[in-house]
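Hey, can you work out the whole structure from these sequences and the hints?
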Amino acid sequence: MSCPDYSAQGYQTIVVSLDGPVAVVKLDRSKQRNTFIDALALDLIAAYELLDRDDRVRVVLLTADHTAPAFCAGADLSSGWDRVYTEEDERQGRHTHKDAGGQVTLAIFRCRKITISAVNGHAAGVGVTGFQLPCDFRFVWAGAKLSFPFVRRGIVAEAGSTYLLPRLIGYSRAVALLLSGGTYAPDSPLLQGLYYASFPNREEVFPAALAFARELAANTSQTSVAWIKALLWRGADSVEGQHLLDSRGMADLVARGDSAEGARAFKERRPFKFSDVLSKDLSDFVPWWTELDVRQRTSKL
Amino acid sequence: MSCPDYSAQGYQTIVVSLDGPVAVVKLDRSKQRNTFIDALALDLIAAYELLDRDDRVRVVLLTADHTAPAFCAGADLSSGWDRVYTEEDERQGRHTHKDAGGQVTLAIFRCRKITISAVNGHAAGVGVTGFQLPCDFRFVWAGAKLSFPFVRRGIVAEAGSTYLLPRLIGYSRAVALLLSGGTYAPDSPLLQGLYYASFPNREEVFPAALAFARELAANTSQTSVAWIKALLWRGADSVEGQHLLDSRGMADLVARGDSAEGARAFKERRPFKFSDVLSKDLSDFVPWWTELDVRQRTSKL
Amino acid sequence: MSCPDYSAQGYQTIVVSLDGPVAVVKLDRSKQRNTFIDALALDLIAAYELLDRDDRVRVVLLTADHTAPAFCAGADLSSGWDRVYTEEDERQGRHTHKDAGGQVTLAIFRCRKITISAVNGHAAGVGVTGFQLPCDFRFVWAGAKLSFPFVRRGIVAEAGSTYLLPRLIGYSRAVALLLSGGTYAPDSPLLQGLYYASFPNREEVFPAALAFARELAANTSQTSVAWIKALLWRGADSVEGQHLLDSRGMADLVARGDSAEGARAFKERRPFKFSDVLSKDLSDFVPWWTELDVRQRTSKL
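Chains as they are written, first to last, in the numbering used here: chain A, 1 to 301; chain B, 302 to 602; chain C, 603 to 903.
Please note: incorrect hints may appear among the correct ones.
[Claimed, not checked] Simulated pairs of lysine-lysine, DSBU-like, Cα-Cα distance not exceeding 35 Å:
(1) B:K574 - C:K633
(2) A:K267 - B:K327
(3) C:K875 - C:K628
(4) B:K568 - C:K747
(5) B:K332 - A:K267
These are calculated hints, taken from the structure and not from any lab test. A quick note: this is a predicted structure, and the numbers were derived from the prediction, not measured.
Below, the structure is given as structure tokens:
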């Protein structure tokens, strides 16, 4: 099992720290309103891939400094949209472009731990699509301005948002958000169901999310979480097929330590002590789906 | 057409009775908090398969005694999780296990009649996933505690819940419910949209659901219901494909008696007298999908 | 680029007019409560197909006279359900029937512009399924009675509604609406999320929708809208696949004029002047999906 030292990874744009089994990923470009640049994408992708494999970590919490002008103000447009292209794109041809926002979405989405976004400031574009939608839980400041500006910029809604948003809250709301190109508050009827909790003050968001993360980290099984996330997003296309998959999962987990501990601790009304870890205790049956390779042939991403 | 005598089926754990065209399935393990055991699964599966084929039945209403300690307290963990295995599992190998909760879900889900769950007590685990999610309508006691404990027990969310829950209320809420492992009241924002109606007192739930069931049974076409349920859950993967399917359904039903009666009674502003039945009047075109066989080779389930 | 004269198209049942880049399609059978007949279907299909290809048009707004007895009272049942059959159906065999409601749904659904329905009166059957569900935005009169009568008429829920409704607002609500066969007000919990805005007075609905349409038409990119609609409804079946598609869209749009204008106008805080049009500036990559042919071989539809 790898126990990486996150302070030694050389991240330029984020700070990653462990709070016991909770990993906190903090955006570190406050002065630039945490705008999205390639370096930030690369740091986030590297961090989530490492956190996914680190058995010590049970919950990953993304946040920003609550005094920053924004949680994430979207793409850095100072040099226009051409910034979306990487050097690799130029070498391989622009049609091979793999959008950096989507690469971040995938890194978070594929993380087999519980993921939370603590949105303690305004968010625009990829600050919503890439930094919030792929997470399992979203905490938000009630005063946040949340922008979906794509149709008003002449670009696509990116970062897999056209896949995730309609599934998260239904097509009716997702279509309205993406085609209006508007800016909404968390209590907008259009955003109903997207946020797990909202808070009147910016400084409350992270502590609340951290307390929630600690509670989950202390009382949930790593293998159970990974199985359920996989069943949710990589499921069968019929309820019968899903029954076959979850039966397989049940048979696997019932043979592991965490299920015995879960039943015992529940019966004895005492705190859980789950110890199964992904590196050793996740069935070879996972993943049962074919993972699409989304890397450019020689991409540094 | 078969007219089974439900009192003669030898059910050990449920009571099935006909109230005209409404079948009431009552859980009968009140002293055991209606915990889920193999015998209960087998009774429910047998009953729903019979009710599906009984032309007299138009609505199936699942409920419990409102004085029971729970509507269903989940799996019986008195002997640990090993109880999930049947003798057949042991003979065939545990990897062939077909989860009993999912088998109940399928029996209800595949029932071509209108299905209702009248949740007049607390519900945990399979008491939510297997006894509520596959139903068309859910009535609930506002004071019910609804638990999704899977990640806190080291097992998977079962009974097809990872397929049904995100479709019923969206991925954002479904992921939060399943990964938090929490207990929620029916008025929780996370459960919004899941329940058709809620009632402050336990004793009100069943009578309200029964009145609703009777009204639907009196005024809906059996073939129309079966077609619409099939279109909803076994539809095409594009709106064009769905148009082809529902055109086929329209052409079929317009040639049947119920559509003529529907138009006439509506025009004459009199009660409907629908008489088409599934055993005679459901098109051979249904089912148009391939049903996945989920039985173990020699399973008694 | 075609610039059709909509007043010269010979529509019998609708009036189509241009308000700058906003096309208004007005149902013109007020005395017949805008009931659905073949002629209306044919007019709507022809109009939406033309509007889809007319580069001048950015938003299409469907409405009725707010003094009409209904926005659309559903199918004209004066001669029973047999009216669903066209002469073509009779020639080719009724099993080849292509439901006219679904053909209207498809014409609206396939329109690559922003589509709005301003529901300023009661709506039943196809008045909901065909005239509202395929639109991007729905504005409604708060006093409207919205009926889903299918199970009480002995027919299927048509016009692709069994595909669209569960995706728009989730299966829990969609199943309840379609299997109850009930009539609901826009503020019903079952309809939550379906309407973008509702208004206490009938006469307010159209002006509000028109103002909204004008604002969107002035400030959104035609190509961006077309791409995002395609990504939403013709997306991949995994988030990875969607990332590949939206990356392709991003690379395409970043090379076009509208994205440069979007970034510049945003930076200069001035109104947008988008000029890319579908006939010239939509990538050959669109459509990437295979369009299902839903025409009858010799159908006039």
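Within 35 Å, alpha carbon to alpha carbon, are K875 (chain C) and K628 (chain C)?
-> Holds. K875 (chain C) to K628 (chain C) sits at ~28 Å (cutoff 35 Å).
Satisfaction of hint between K327 (chain B) and K267 (chain A), Cα-Cα up to 35 Å = The given pair, whose Cα atoms are some 28 Å apart, holds under the 35 Å limit.
Holds or violated: are the alpha carbons of K568 (chain B) and K747 (chain C) at most 35 Å from each other?
-> Roughly 18 Å separates the two Cα atoms, so the pair holds.
Under the criterion that the straight-line Cα-Cα distance not exceed 35 Å, is the pair K332 (chain B), K267 (chain A) satisfied?
-> Since the Cα atoms of K332 (chain B) and K267 (chain A) sit roughly 18 Å apart, the hinted pair holds (cutoff 35 Å).
Are the Cα positions of K574 (chain B) and K633 (chain C) separated by 35 Å at most?
-> holds, 31 Å
The structure fails none of the hints (numbered hints given earlier).
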